[in-house]
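Residue 0 is where the sequence shown starts when you use numbering that gives the first Met the number 0, and the numbers rise one by one after that.
Everything labelled a hint here was simulated from the structure, so no lab data went into it.
A portion of the hints provided could be inaccurate.
DEER-style ranges, computed between Cβ atoms [as the list claims (entries may be wrong)]: (1) Ala95 x Ala48: 24 to 34 Å; (2) Ala118 x Ala37: 35 to 45 Å; (3) Thr80 x Gly4: 38 to 48 Å.
On a predicted model such as this, the values are computed, not experimentally measured, just so you know.
No residue lacks a Cβ here, since even glycine has one placed at the ideal position from N, Cα and C.
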Amino acid sequence: MIPSGRKLVSYSETFAFGDMTDGGGAAATFSLSHVIPAGARVAACLSSAITGFAGDTSAVITVGDGTTVDRYNTGTPTVFTTAAAGVDMGVVSGTAFHAAAKTPVVTITSAADWGSVTAGQITLTLLYYIP
Numbered sequence: 000m001i002p003s004g005r006k007l008v009s010y011s012e013t014f015a016f017g018d019m020t021d022g023g024g025a026a027a028t029f030s031l032s033h034v035i036p037a038g039a040r041v042a043a044c045l046s047s048a049i050t051g052f053a054g055d056t057s058a059v060i061t062v063g064d065g066t067t068v069d070r071y072n073t074g075t076p077t078v079f080t081t082a083a084a085g086v087d088m089g090v091v092s093g094t095a096f097h098a099a100a101k102t103p104v105v106t107i108t109s110a111a112d113w114g115s116v117t118a119g120q121i122t123l124t125l126l127y128y129i130p
C-alpha cells in the first residue's frame, strides 16, 4: 500500500564492469545517474539480469549513498555468478528517509584486485516514495 499522498517511483539502471571506477584495490564504484530527492523514502533495492563479475574468485555488492556504503541493501550479496533473476539484495539497512538528495553509489568488491575482473553487468532497480 502506498502511503497517503505519496507516489511510488521506480528507477532502473544497467551498468557493466567497464563502467566502474577502480579504487586501486579490490573494490570499484559506480554512481547511478539518478538522484533520490530530499523527502523521499526508499522502499527497496532490487537486482536483475546479472552477468557474473568474473575474473577473480569472488565479487560482492553494496549500494550506498556516497557516505554509507550499504544504505540501500543488507549484507554483501554475491554477483560473481550469472543470475538472470538477480540476487536478494536484502532490506534497506540505513535510514530510509532522505533529508537531503542523494546519488546512489554501487561498490563491487572482488577477492584480491579489481583489475582481475574481466566481465560483469547488472541491472539495479530502486523503489522509493516521494511526497
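Worksheet item: Range hint 35 to 45 Å: satisfied by the CB atoms of Ala118 and Ala37?
Response: Taking Cβ atoms as reference, Ala118 and Ala37 lie about 37 Å apart, which means the hint holds.
Worksheet item: Between Thr80 and Gly4, is the Cβ distance one that fits in 38 to 48 Å?
Response: holds, 42 Å
Discussion item. Just to be sure I understand the hint, the distance between the Cβ atoms of Ala95 and Ala48 should be within 24 to 34 Å; is that true here?
Written reply: For Ala48 against Ala95, whose Cβ atoms are near 25 Å apart, the range 24 to 34 Å holds.
No hint from the list above goes unmet by this structure.
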